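K.L.:
What follows is each chain in one-letter form.
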Amino acid sequence: MTQDSVQSQRSFKNIIGDGNIRALHMTMSIVSYRWMLLIFLSAISVISVIICTFVGPSNICGIQIMGASKISLILTQIRLPRVLTSFIVGGGLAAAGAAMQGLFRNPLADPYVIGTSSGGALGAAISLVVFHSFLLPLAAFCGACSSTIIVYVICRQNGKVAVETLLLSGIAISLFCSAMLSFLMYMSGDDLHQIMFWLMGGLWNATWDKVRIGLLIIPAIGVLLFTVRELDILSLGDDEASSLGVNTEHIKIVLLAVTSFITGIAVSLAGSIGFIGLIVPHMIRSISGSSFRFLLPTSVLAGGIILLWADTLSRTFMNDMPVGIITAFFGAPFFIYLIRRRMWL
Amino acid sequence: MAVTKSVISVTGVDVKIGTAEILHKVSADANQGMFVGIIGPNGSGKSTLIHCMSRTLHLATGKILVVGKEIEKYSHKELAMLLGVVPQESTRTFDFSVDDIVMMGRYPYQKLLRPPEPHDREACQKAMALTGISHLTGRSISTLSGGEWQRVLIARALAQETPLLLLDEPISQLDINHQIEILSVLQSLTHQGSTVICVIHDLNLASQYCDEIIMLNQGAVYATGAPHKVMTQENIRAVFGLNVMIRTHPTTGKLYLIPIYHRKPIKKNGRKVHLICGGGSGTEIMFALHESNCDVSTGILAMNDTDYSTSVQLGIPCIAEPPFSPITDVSRSLLEESIDTADLVVFTSIPFGQENMDNIRIVSEYCNKPILLITDYFSQSIDNCMASKVAAIVNRMISDGRAAMVTSTEALDQCLGKEYPA
Numbered sequence: 093m094t095q096d097s098v099q100s101q102r103s104f105k106n107i108i109g110d111g112n113i114r115a116l117h118m119t120m121s122i123v124s125y126r127w128m129l130l131i132f133l134s135a136i137s138v139i140s141v142i143i144c145t146f147v148g149p150s151n152i153c154g155i156q157i158m159g160a161s162k163i164s165l166i167l168t169q170i171r172l173p174r175v176l177t178s179f180i181v182g183g184g185l186a187a188a189g190a191a192m193q194g195l196f197r198n199p200l201a202d203p204y205v206i207g208t209s210s211g212g213a214l215g216a217a218i219s220l221v222v223f224h225s226f227l228l229p230l231a232a233f234c235g236a237c238s239s240t241i242i243v244y245v246i247c248r249q250n251g252k253v254a255v256e257t258l259l260l261s262g263i264a265i266s267l268f269c270s271a272m273l274s275f276l277m278y279m280s281g282d283d284l285h286q287i288m289f290w291l292m293g294g295l296w297n298a299t300w301d302k303v304r305i306g307l308l309i310i311p312a313i314g315v316l317l318f319t320v321r322e323l324d325i326l327s328l329g330d331d332e333a334s335s336l337g338v339n340t341e342h343i344k345i346v347l348l349a350v351t352s353f354i355t356g357i358a359v360s361l362a363g364s365i366g367f368i369g370l371i372v373p374h375m376i377r378s379i380s381g382s383s384f385r386f387l388l389p390t391s392v393l394a395g396g397i398i399l400l401w402a403d404t405l406s407r408t409f410m411n412d413m414p415v416g417i418i419t420a421f422f423g424a425p426f427f428i429y430l431i432r433r434r435m436w437l
Numbered sequence: 055m056a057v058t059k060s061v062i063s064v065t066g067v068d069v070k071i072g073t074a075e076i077l078h079k080v081s082a083d084a085n086q087g088m089f090v091g092i093i094g095p096n097g098s099g100k101s102t103l104i105h106c107m108s109r110t111l112h113l114a115t116g117k118i119l120v121v122g123k124e125i126e127k128y129s130h131k132e133l134a135m136l137l138g139v140v141p142q143e144s145t146r147t148f149d150f151s152v153d154d155i156v157m158m159g160r161y162p163y164q165k166l167l168r169p170p171e172p173h174d175r176e177a178c179q180k181a182m183a184l185t186g187i188s189h190l191t192g193r194s195i196s197t198l199s200g201g202e203w204q205r206v207l208i209a210r211a212l213a214q215e216t217p218l219l220l221l222d223e224p225i226s227q228l229d230i231n232h233q234i235e236i237l238s239v240l241q242s243l244t245h246q247g248s249t250v251i252c253v254i255h256d257l258n259l260a261s262q263y264c265d266e267i268i269m270l271n272q273g274a275v276y277a278t279g280a281p282h283k284v285m286t287q288e289n290i291r292a293v294f295g296l297n298v299m300i301r302t303h304p305t306t307g308k309l310y311l312i313p314i315y316h317r318k319p320i321k322k323n324g325r326k327v328h329l330i331c332g333g334g335s336g337t338e339i340m341f342a343l344h345e346s347n348c349d350v351s352t353g354i355l356a357m358n359d360t361d362y363s364t365s366v367q368l369g370i371p372c373i374a375e376p377p378f379s380p381i382t383d384v385s386r387s388l389l390e391e392s393i394d395t396a397d398l399v400v401f402t403s404i405p406f407g408q409e410n411m412d413n414i415r416i417v418s419e420y421c422n423k424p425i426l427l428i429t430d431y432f433s434q435s436i437d438n439c440m441a442s443k444v445a446a447i448v449n450r451m452i453s454d455g456r457a458a459m460v461t462s463t464e465a466l467d468q469c470l471g472k473e474y475p476a
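Just so you know, the sequences run in chain order A and B.
First residue of the first sequence? That's 93 in the numbering used here, and the numbers climb one at a time after it.
First residue of the second sequence? That's 55 in the numbering used here, and the numbers climb one at a time after it.
A few of these clues could be false.
[As the list claims (entries may be wrong)] Part of the chain B face toward chain A, derived, beta carbon under 7 Å:
#1 F148
#2 D154
#3 Q367
[What the hints assert, rightly or not] Covered stretches of chain A (chain B as the covering partner; in silico rule of three or more C-beta atoms under 8 Å from a C-beta of chain B):
#4 324-334
#5 396-410
Derived by calculation from the structure, the hints in this document are not laboratory data.
Since this is a predicted model, take the numbers as computed values, not measurements.
C-beta atoms are modelled at their ideal positions from N, C-alpha and C, and glycine is treated no differently.
Assemble the whole structure, with the sequences as input and the hints as a guide.
P.N.:
What follows is the structure, encoded as structure tokens:
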């Protein structure tokens with residue numbers, strides 16, 4: 093208690109001329125503020141999951157005549173798996189994005205930038221066209237991992253990975269994967285429609301099987317939560333991190349592996365859904381600061397909530413339009429706004 | 055006394071980046087409790103040496119021992135508990151708070167997922183107090199100035215509580231008061247048994263604070279040892295290409311370097327000028343004339359006068375007397391000789407003191423050359439600023455047309471032979 097009051101007194105002195113975090117200091121200490129945010133977001137998550145399960149194109153209240161068995165079928169077999177999948181995918185993508193931003197010390201990094209998701213999409217497309225959807229999640233995951241490994245091998249030099257080369261080779265691999273995808277689409281014939289939907293990103297075919305696969309994301313997020321302190325330090329630069337006692341190469345490999353694992357699973361479940369990994373950590377940073385201790389868990393919750401509502405919006409009002417279109421439609425302008433605001437600050 | 059214990063020793067280190075050899079057979083040593091300064095011109099390999107010692111750079115050949123064990127054999131955390139590093143520059147990509155950054159110094163001591171312990175907080179608070187940034191608690195780092203950020207980085211290294219600190223130009227962006235504050239803090243740490251190795255650009259601060267200096271030149275150690283052995287006129291000239299005067303600092307007794315702003319003489323031009331000055335009043339014009347390769351002589355001056363030492367350092371012939379003694383006949387005849395060969399006699403030393411009165415008396419009796427009296431700081435009224443005896447002499451010279459009152463700019467122009475529009 094005393095420490096909190098001392099902190100709020102201190103922070104009161106320093107209000108002048110500071111950024112967003114500053115303003116929050118006026119009322120309470122930053123730590124308790126962050127905890128409040130975390131609890132608040134958890135509550136919102138639970139409420140959202142419940143509400144979204146009962147919202148959909150076939151209004152539950154209006155279809156009483158269908159009978160209880162049908163209602164429960166819609167709720168448990170269609171809506172609930174879809175709601176859970178979207179929440180897990182959103183949270184996973186946001187966590188992967190936040191971790192990659194710290195790893196690459198670049199607020200513009202996300203799984204899409206270093207080619208992980210295009211690799212995943214390519215893997216999925218190959219499975220669709222060549223093997224007729226056989227083991228599609230596995231293929232997406234393999235694609236994501238192999239593109240990450242290729243990028244990593246390309247830019248590893250003298251036992252070190254330079255961030256700039258990593259980003260550039262990521263873009264190169266992305267372009268290559270896009271070209272391969274275009275080739276597959278050109279060759280695919282009947283499967284074209286399916287690949288297109290895959291690329292746009294959507295959750296229309298969520299089932300309990302997919303939820304089970306999606307649950308693998310949760311332990312991966314857990315691993316990321318174990319590395320928050322290293323992520324904080326790593327965002328200052330390799331040399332500084334290593335002089336502060338972080339085994340930078342080791343932690344980089346762990347982070348790359350975990351983030352491509354998450355991305356691979358997310359792509360296999362929902363196709364390419366962009367901007368979640370980029371936008372959510374940005375948003376969270378502007379309200380709770382950059383420390384990964386809070387950024388990562390809050391991003392997971394916020395990412396889940398956002399994708400959940402975007403998907404609910406799409407299936408309820410937009411005739412099940414691929415949710416990737418919605419996230420990009422709202423995400424890109426918001427991102428530009430964030431970039432501009434960074435410039436003003 | 056465990057003072058002789060070697061904390062870090064570098065032996066025969068070569069570093070190549072691409073084909074360029076950055077360090078060549080560098081060997082250095084630092085004992086416990088030493089404040090070691092690394093000096094050298096830009097590109098001499100100072101930062102590279104720091105990088106080697108902090109294991110952020112791969113060695114081509116050579117060996118570095120930290121507390122008697124090879125640096126490669128430490129784990130990352132073990133090494134971070136032994137040596138703290140303050141980098142030359144650090145980018146601020148994300149918006150952390152100052153406390154977060156300082157707490158990062160405690161990383162090697164913290165357990166996985168455990169919140170910081172009370173002693174971690176204490177170490178951070180102590181480090182922030184030492185570097186004078188306690189008032190920045192809770193501030194976001196994007197709002198800090200360059201100097202404040204530098205002090206935050208130093209605080210982070212201090213929070214590491216390591217027996218060895220490596221600092222790469224930690225004070226380059228600080229104000230003079232903070233420079234001295236930080237160096238004093240580092241020095242007090244060395245008194246408590248820590249070892250500090252620090253790249254310093256300011257040679258004077260290096261000589262003030264360092265027990266030992268490593269002077270690098272073109273990737274090799276040029277000289278090493280105590281400041282007075284390393285920072286000699288010859289070494290500074292060889293390494294930095296600069297002529298300096300080496301003095302003793304009036305309060306600390308350490309070496310003090312004053313650069314001589316000296317261009318190579320081309321040819322003598324202008325006229326020969328004899329300058330009568332004193333108390334520092336002649337320094338500026340003496341230097342300006344010397345710079346323009348004018349033939350200057352000065353005197354008669356007391357040997358404890360600052361103008362006397364300026365003349366000596368610039369190599370200007372000077373007629374001098376011991377302090378507080380009257381002008382002797384020898385000096386008098388030397389002055390007359392000097393006036394004979396001069397085209398112009400310039401006075402700067404107004405007001406005249408008792409000893410200097412003789413100067414003006416000799417000149418007024420002997421001189422048949424034009425005389426310039428520089429009066430920048432005084433009103434044109436001569437009577438106000440001189441004893442009546444001197445005033446009478448000066449007034450007579452002016453009324454005879456032998457002397458003229460001028461400003462220092464006019465005097466300089468006339469000495470250099472520039473025509474001054476009437």
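K.L.:
For every hint, state whether the structure bears it out.
P.N.:
To see whether the hints hold, each was checked on the structure:
Because the beta carbon of B/F148 sits about 4 Å from the nearest beta carbon in chain A, less than 7 Å, this interface hint is met. Annotation: B/D154 was flagged as interfacial toward chain A, and the flag holds, the nearest CB pair being 5 Å apart, inside 7 Å. At about 44 Å, the closest approach between the beta carbon of B/Q367 and any beta carbon in chain A exceeds 7 Å, and the interface hint on this residue is violated. With 9 residues having a beta carbon nearer than 8 Å to a beta carbon of chain B, the segment 324-334 of chain A meets the requirement of three or more and the stated coverage holds.
Counting residues of the segment 396-410 of chain A whose CB lies closer than 8 Å to any CB of chain B gives 0, which falls below the minimum of 3, so the coverage claim is violated.
In this structure, the earlier hints numbered 3 and 5 are contradicted, and the remaining ones agree with it.
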